[in-house]
Amino acid sequence: MPSAVFILHLDDMQGFIVVKRYPTTFSLNEKILNLAYYNHIQGEKSDLKIHEIEGMRIATYGDATHPGWLVCMVLAEDEDYGPYTDEFAGMGHLMLELAVENPDLVDVRGILVNRSVIPTPTVEQKCASIFLTPSSVLLLERLRERGAERSAALAIWLREQIQAEDVDIIAAVRPLMESGVVHVEMVQRTAEVVFLLADVFAYRAPPVEAIKYAEEHMPDVAEEYHTLVKEFFSPDPPARGYNPTLPTEDPNAPIVEDCERMASLISKSLTYTVLQHLRKRPMTLEQVSEESALPKSVVRNALWALEAERVVSTIRDDVWVLITNPVIETFLPEYVLDIVKKRVAEKEIGAETARRYLELLVEKWSEPQ
Amino acid sequence: MIRGIYILNQGSLVYTKEYAEGVETESLIEFIVSLTQFLGTVDIGDKTEYMNLGSWRIFYAVRNRFTFVFLADKADDVSQIEERIGQLVDIFMRDYANLAAANQPLTGFDEKVDEIAVTMVKVAILGYAGVGKTTTLHLLRGETLPLIHDPTIGVSIKKLPEEVENANIVLWDLAGQSRFSILWAKMIANAQVVIIVTDSTLENVLRSKKLVSLVKEEVPDAKIIGIANKQDLPTALTPERVGQILGIPTYELVAIDISYRDRLIQIIRKAILEGKAEAKAPTTSPAS
Numbered sequence: 000m001p002s003a004v005f006i007l008h009l010d011d012m013q014g015f016i017v018v019k020r021y022p023t024t025f026s027l028n029e030k031i032l033n034l035a036y037y038n039h040i041q042g043e044k045s046d047l048k049i050h051e052i053e054g055m056r057i058a059t060y061g062d063a064t065h066p067g068w069l070v071c072m073v074l075a076e077d078e079d080y081g082p083y084t085d086e087f088a089g090m091g092h093l094m095l096e097l098a099v100e101n102p103d104l105v106d107v108r109g110i111l112v113n114r115s116v117i118p119t120p121t122v123e124q125k126c127a128s129i130f131l132t133p134s135s136v137l138l139l140e141r142l143r144e145r146g147a148e149r150s151a152a153l154a155i156w157l158r159e160q161i162q163a164e165d166v167d168i169i170a171a172v173r174p175l176m177e178s179g180v181v182h183v184e185m186v187q188r189t190a191e192v193v194f195l196l197a198d199v200f201a202y203r204a205p206p207v208e209a210i211k212y213a214e215e216h217m218p219d220v221a222e223e224y225h226t227l228v229k230e231f232f233s234p235d236p237p238a239r240g241y242n243p244t245l246p247t248e249d250p251n252a253p254i255v256e257d258c259e260r261m262a263s264l265i266s267k268s269l270t271y272t273v274l275q276h277l278r279k280r281p282m283t284l285e286q287v288s289e290e291s292a293l294p295k296s297v298v299r300n301a302l303w304a305l306e307a308e309r310v311v312s313t314i315r316d317d318v319w320v321l322i323t324n325p326v327i328e329t330f331l332p333e334y335v336l337d338i339v340k341k342r343v344a345e346k347e348i349g350a351e352t353a354r355r356y357l358e359l360l361v362e363k364w365s366e367p368q
Numbered sequence: 000m001i002r003g004i005y006i007l008n009q010g011s012l013v014y015t016k017e018y019a020e021g022v023e024t025e026s027l028i029e030f031i032v033s034l035t036q037f038l039g040t041v042d043i044g045d046k047t048e049y050m051n052l053g054s055w056r057i058f059y060a061v062r063n064r065f066t067f068v069f070l071a072d073k074a075d076d077v078s079q080i081e082e083r084i085g086q087l088v089d090i091f092m093r094d095y096a097n098l099a100a101a102n103q104p105l106t107g108f109d110e111k112v113d114e115i116a117v118t119m120v121k122v123a124i125l126g127y128a129g130v131g132k133t134t135t136l137h138l139l140r141g142e143t144l145p146l147i148h149d150p151t152i153g154v155s156i157k158k159l160p161e162e163v164e165n166a167n168i169v170l171w172d173l174a175g176q177s178r179f180s181i182l183w184a185k186m187i188a189n190a191q192v193v194i195i196v197t198d199s200t201l202e203n204v205l206r207s208k209k210l211v212s213l214v215k216e217e218v219p220d221a222k223i224i225g226i227a228n229k230q231d232l233p234t235a236l237t238p239e240r241v242g243q244i245l246g247i248p249t250y251e252l253v254a255i256d257i258s259y260r261d262r263l264i265q266i267i268r269k270a271i272l273e274g275k276a277e278a279k280a281p282t283t284s285p286a287s
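Chains as they are written, first to last, in numbering that gives the first Met the number 0: chain U, 0 to 368; chain Z, 0 to 287.
Just so you know, the hints here were simulated from the structure itself, not pulled from any lab data.
Computed from a predicted model, the values in this text were never measured in an experiment.
Glycine included, each C-beta is placed from N, C-alpha and C at the ideal position.
Treat the hints with care, since some could be wrong.
Between beta-carbon pairs, the in silico distance windows are [as the list claims (entries may be wrong)]:
| id | chain 1 | residue 1 | chain 2 | residue 2 | range |
| --- | --- | --- | --- | --- | --- |
| 1 | U | Thr313 | Z | Gly10 | 24 to 32 Å |
| 2 | U | Phe330 | Z | Ser33 | 37 to 45 Å |
| 3 | Z | Glu273 | U | Ala292 | 32 to 40 Å |
| 4 | Z | Gln265 | U | Lys295 | 50 to 58 Å |
| 5 | Z | Arg64 | U | Gly42 | 53 to 61 Å |
With a cut-off of at most 30 Å between alpha-carbon atoms, the simulated DSSO-like pairs for lysine-lysine come out as follows [said to hold, decoys possible]:
| id | chain 1 | residue 1 | chain 2 | residue 2 |
| --- | --- | --- | --- | --- |
| 6 | Z | Lys209 | U | Lys30 |
| 7 | U | Lys19 | Z | Lys158 |
| 8 | Z | Lys215 | U | Lys30 |
| 9 | Z | Lys185 | Z | Lys215 |
| 10 | Z | Lys73 | U | Lys295 |
| 11 | U | Lys30 | Z | Lys157 |
| 12 | Z | Lys73 | U | Lys19 |
| 13 | U | Lys48 | Z | Lys185 |
| 14 | Z | Lys185 | U | Lys19 |
| 15 | Z | Lys16 | U | Lys30 |
| 16 | Z | Lys185 | U | Lys44 |
| 17 | Z | Lys215 | U | Lys19 |
| 18 | Z | Lys157 | U | Lys48 |
| 19 | Z | Lys185 | U | Lys267 |
Hey, can you work out the whole structure from these sequences and the hints?
This is the structure we're talking about:
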């Protein structure tokens, strides 16, 4: 267990602010703060790093979502770090998210003792960032039509689409790469090619697992819960209810906008943690707080955010239920096979690129799912 | 520091001013409008109250139909912020309330807000290693110079002992060693004045042109001052020549000579005033 923890915030005006320090007697100086921050941001990009600073081993956690914030965990002398990097990252992530919300919410001792963590991001969380980056969505649409495309050609296309000269193609491709939706590599050392390996789909699914649990173990809420879900997905005519997953030809239908809203909820770690609990079963605020190790005020805010997007609701004022389960799934884009075949025939894609593309698809989708 | 000022007339924004980036304006304004609606249901009299929100402190006051909301840092001195809020509310109610009620432009209010609300000015000191940045910092603070050169690690942040133009001056002395160059762009963010220190040698001044470009790119609204330090050395280029090469107003300095202190503070004061004068048109927006 780390012997000390401090959480730093680099304020543009006031400089380094130590928003949390545990234990309060732990002594810090300007040099330690500077070196922790500098060592974290320099070199290879990684959320969790370990450094030797002023005779101490310090693991630092910071991520791109909250620039200027850093959780620093001072390791005990005999602390074995290597096998526990995921745990350190998870604890660092939890402390960071809470500190950004409100430093007073960070119970460092509680987190260290209980080893409370935010787990490493799931595939659906990584995919959520695609929907939150408009240029990534554009690239995904383009790749659905092309299958594989040279990065240079994609950059030109993107520039034309958004009518801007300074297009950051790397920033646009990054969410797609990090979620495993695309793969980028040099083919025959001549051209860098972006391959679409998976397609991604966001929708609101019925909360099957939670309803099933309620039917089996919570008969007192099951009926009302069932009614709430039914009202959402298939209300009595003539009302259609609010169901953006219904296919529609109307270009103004809320499906795209709704995907963004679902992605936004999924990408927020604290909200996602609460959502994960409600996917399993209906729970009270206190139960979510206890099982997630999140303070009640954080859980309450997350529930309100989910309620505002009609993802959760309450029964009897105290039981929170998932009425619609926001899901982001990836699937094999079989349709690209015909596209690639046609483009090879028309000599738009070289045989080597096509062969490599098939190899990558086989590799990707042969993995145990 | 006060980061944002929002004045509402019965729930509609009549004036906003933000002093720092990083404020999520949209959600904040949504919150402020809700807060105003709530304040309409309670009576807080002539008091200024506050609530904590994350690392911020939100102060609010109500006068007649107007609600005043101020966003400040939690670390700020409450009584100092309340005093400034009181001044601003008084000025607004005396000179601008009728204009705001009639949806007229609040001409001149923006300048008054700046005078009262700007509690902190960030001055960044940038330059390559060994040119005398930390010595300049010591000079500005009127401190005795250390006998041993101890290169700065990262950044050293100190306040000027006296206020300039009614504001605290926060001096950011950035490490000049090239390994710390990745910090420069981040550390000069939100600076109102950037001082680029050179040792007045041709080689260093030519290299420092890169710093001028960096500052212009990262903080285009900041005033940039060149310093031709070490003018006591025989190899020193004149301040005029240094200024020509850098393309910015440049002043002579011998940072180890305490007699330069007042002059340097005057230069910073002038830059702050010029920066205010050049500030873009006020964000005053009469309610529609």
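Now for the hints, and whether the structure bears them out:
1. Thr313/U - Gly10/Z: 24 to 32 Å: holds (29 Å)
2. Phe330/U - Ser33/Z: 37 to 45 Å: holds (41 Å)
3. Glu273/Z - Ala292/U: 32 to 40 Å: violated (53 Å)
4. Gln265/Z - Lys295/U: 50 to 58 Å: Because 55 Å falls inside the window, the suggested range holds.
5. Arg64/Z - Gly42/U: 53 to 61 Å: holds (56 Å)
6. Lys209/Z - Lys30/U: OK: Lys209/Z and Lys30/U at ~27 Å, within 30 Å.
7. Lys19/U - Lys158/Z: The hint holds at about 23 Å.
8. Lys215/Z - Lys30/U: With a Cα-Cα distance of about 29 Å, the restraint between Lys215/Z and Lys30/U holds, given a limit of 30 Å.
9. Lys185/Z - Lys215/Z: Roughly 14 Å between the alpha carbons, so the hint for Lys185/Z and Lys215/Z holds.
10. Lys73/Z - Lys295/U: holds (22 Å)
11. Lys30/U - Lys157/Z: holds (14 Å)
12. Lys73/Z - Lys19/U: At roughly 13 Å apart (the allowed maximum being 30 Å), Lys19/U and Lys73/Z satisfy the hint.
13. Lys48/U - Lys185/Z: holds (20 Å)
14. Lys185/Z - Lys19/U: holds (22 Å)
15. Lys16/Z - Lys30/U: violated (35 Å)
16. Lys185/Z - Lys44/U: Roughly 16 Å separates the two Cα atoms, so the pair holds.
17. Lys215/Z - Lys19/U: violated (35 Å)
18. Lys157/Z - Lys48/U: Within the cut-off at roughly 29 Å; holds.
19. Lys185/Z - Lys267/U: holds (25 Å)
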